[in-house]
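Protein chains in written order, with the numbering used here: chain P, 1 to 219; chain F, 1 to 219; chain W, 1 to 132; chain H, 1 to 132.
These aren't lab readings, by the way, just hints derived from the structure by calculation. As the structure is a computational prediction, the values presented were derived from the model and not from experiment. Backbone N, C-alpha and C fix where the C-beta goes; we use that ideal spot for every residue, glycine too. Be a bit skeptical, because a hint or two may be false.
Facing chain F, from chain H, some residues (calculated, C-beta under 8 Å) [unchecked claim]:
#1 GLY42
#2 VAL43
#3 LEU45
#4 SER49
#5 GLU80
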Amino acid sequence: MVEGSTSTLTTDWVVAWLRESARVVSEQRQYLIDLDRAIGDADHGENLDRGFTAVVKKLDDGDHPATPGAVLKLAAMTLMSSVGGAAGPLYGTALLRAATSLGDTELIGPNEVAGLLTAARDGIVARGKAESGDKTMVDAWTPAVEAAGTAAMAGASVAEVLAAAANAANAGAAATEPLIARKGRASYLGERSAGHLDPGAVSSGLILQAAVDAAGAQE
Amino acid sequence: MVEGSTSTLTTDWVVAWLRESARVVSEQRQYLIDLDRAIGDADHGENLDRGFTAVVKKLDDGDHPATPGAVLKLAAMTLMSSVGGAAGPLYGTALLRAATSLGDTELIGPNEVAGLLTAARDGIVARGKAESGDKTMVDAWTPAVEAAGTAAMAGASVAEVLAAAANAANAGAAATEPLIARKGRASYLGERSAGHLDPGAVSSGLILQAAVDAAGAQE
Amino acid sequence: MNVGLVIVSHSSKIAEGVCDLAREMAADVPLVAAGGLEDDSGVPLIGTSLEKVLEATSTADQGAGVVLLTDLGSAVMTAEMALEFIDSDQRSRVRLARAALVEGAVAAAVEAQSGADVDAVTRAAEAAIVAL
Amino acid sequence: MNVGLVIVSHSSKIAEGVCDLAREMAADVPLVAAGGLEDDSGVPLIGTSLEKVLEATSTADQGAGVVLLTDLGSAVMTAEMALEFIDSDQRSRVRLARAALVEGAVAAAVEAQSGADVDAVTRAAEAAIVAL
Ligand SMILES: Nc1ncnc2c1ncn2[C@@H]1O[C@H](COP(=O)(O)OP(=O)(O)O)[C@@H](O)[C@H]1O
Ligand SMILES: Nc1ncnc2c1ncn2[C@@H]1O[C@H](COP(=O)(O)OP(=O)(O)O)[C@@H](O)[C@H]1O
Ligand SMILES: [Mg+2]
Ligand SMILES: [Mg+2]
Ligand SMILES: [Mg+2]
Ligand SMILES: [Mg+2]
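All chains, please: the whole structure from these sequences, using the hints.
Listed below in structure tokens is the structure:
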């Protein structure tokens, strides 16, 4: 939990979140590759690194859009054409729905944070049709959304809402280990997919933690 | 019907048959391509020309094998690796089975001719699983085999047996026009395949006519 | 004017090869490959890209519509996303077939060559699984 | 020692692309392309060749056996012919799968990577049609 955090987030937070996601994904590239090697095709770290690097490049190239929603949309479009793997349409749809949930909003309070996370999760589910327990990134996002919603309802700050989401996502990711994959490439392995963490759930935890860190840095 | 024909055929006839097949297929290349364009992929003439050219090249390269069966087997193997289309395994299997039916026989009489044609047809059916009326080369070969058998039983000469087979094959090929294809690429067209000759049935007529002409030239 | 096909594959070789194969039986059908993607330096990678699918869909549509065929699950997701981005007047004539890629594409191309509409072409693609 | 796969396609691009795609999830599985053929001058053509299939089958077999996957009907005929030419001791560990080529190959490769035998790998390929 971040103490003394600002009461609302702005476009700067979105930009910082995307940059921090790029940094952590690049740092954890090999770890995500290794996770994906066990139950997939060993490219999740490479895919996300390529995608977020492209996003950062877009942010660096001249002025980024003014509103949080517009920046999220730019990132979504970039991910969808550069990630290459399943994570491309999934994170792309997540950010696009988050952008839509914000509309032209310029100031993001606790309820907007919970709302954009919910929209993102709903986008992932709409796109990939996975249910909880299918050993996918949904198993990180659904507890994250629930924790964020509870925190927002209880009057938490934006930083607290984000922290609740990230913690729940990381716990959800850890809990994918014993599961048998029922969606995505890992489902080809059937029962052999048990005993491994889901790479997308782990990267979701990293990205939500990046949102926390970006909010902390904004203070 | 060829008058005054020899009473038995030899390896020379097999070689002459293959060379004459190559000549006529090359001459009719464009016609076979056009037939295949209507209900297939416009390559039947090209496929057979390439395949029989390769066979002739094998025959030209040094000494060919001594027995009729061994020459047929050489031709079969060559067609199977050079024709490329369905006609490759089909004619390849036909000649291979014909070779097997001859064994080490050196002199081919009327019964052996009927026998090798039957073996060839059975090979085509075993390979392609088409029935009569499916608008394939089987619709040329089955009447050919029946006519050859009838002629051989009636005491006809080898030339007469071959002529009966070729005439029946050509009639069978002509009769494919109204049929709806149920095997091979033309079956993708469903009812639109009606109103066109089957290319493989037509080429089968040409190849059996080449057998007649080769026997005539042997006298 | 024939319905066009877009072949969405993780591999540019597969996408191009399927177009080559289908073209043999469908000379007048717009067949467009949307396979693989490239990294920053243009190195070909295995994967799918929304941008490629959108471009291919607009190239393949000559007014009669387009049927998209895909390989693995993530290609399906990319294609479904593309459907959401296509503007509404084109959207009504674009379909995503649930078909075996190679087998479905050949069957669909033959159907399209005959002048069939997008729904019939989609059905031909989807029936090709069953006919295997 | 894993079961190997031979990808028999009319197009060399499809055969190679399918191997590329399957290799991503099956690093230890021998994946061999038997696609297309060449004319006398080495120009690539659409079609299948017995010679290529036989060579690929012997390359892919490291002792655990081989599963062949094919695209269109004439590729099936070439593959069935190849089965007749394989010598009898190898023949008992070679299978021809009735599967959607791309989808079946990926599923079969993953199964082979796990050390499954030829029959299990064949079943995985054939089940992939249903799972489409
Ligand atoms: N249908 C789906 N629904 C939700 N998440 C999915 C689905 N398919 C795959 N994923 C997620 O995507 C991750 C793999 O991403 P990535 O490696 O980039 O894609 P690919 O499998 O195409 O190589 C998985 O670990 C999983 O979390
Ligand atoms: N299953 C089959 N049984 C018998 N003959 C067949 C079969 N499939 C195709 N044919 C024959 O093959 C001919 C086409 O040969 P070709 O053009 O060389 O092959 P492809 O269709 O592979 O291009 C058809 O006209 C038909 O006579
Ligand atoms: Mg992956
Ligand atoms: Mg991948
Ligand atoms: Mg043809
Ligand atoms: Mg052909």
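Tested hints:
{"no.": "1", "hint": "GLY42", "result": "violated (13 Å)"}
{"no.": "2", "hint": "VAL43", "result": "violated (11 Å)"}
{"no.": "3", "hint": "LEU45", "result": "holds (6 Å)"}
{"no.": "4", "hint": "SER49", "result": "holds (5 Å)"}
{"no.": "5", "hint": "GLU80", "result": "holds (7 Å)"}
Taken one by one, the earlier hints fail for this structure at numbers 1 and 2, listed in ascending order.
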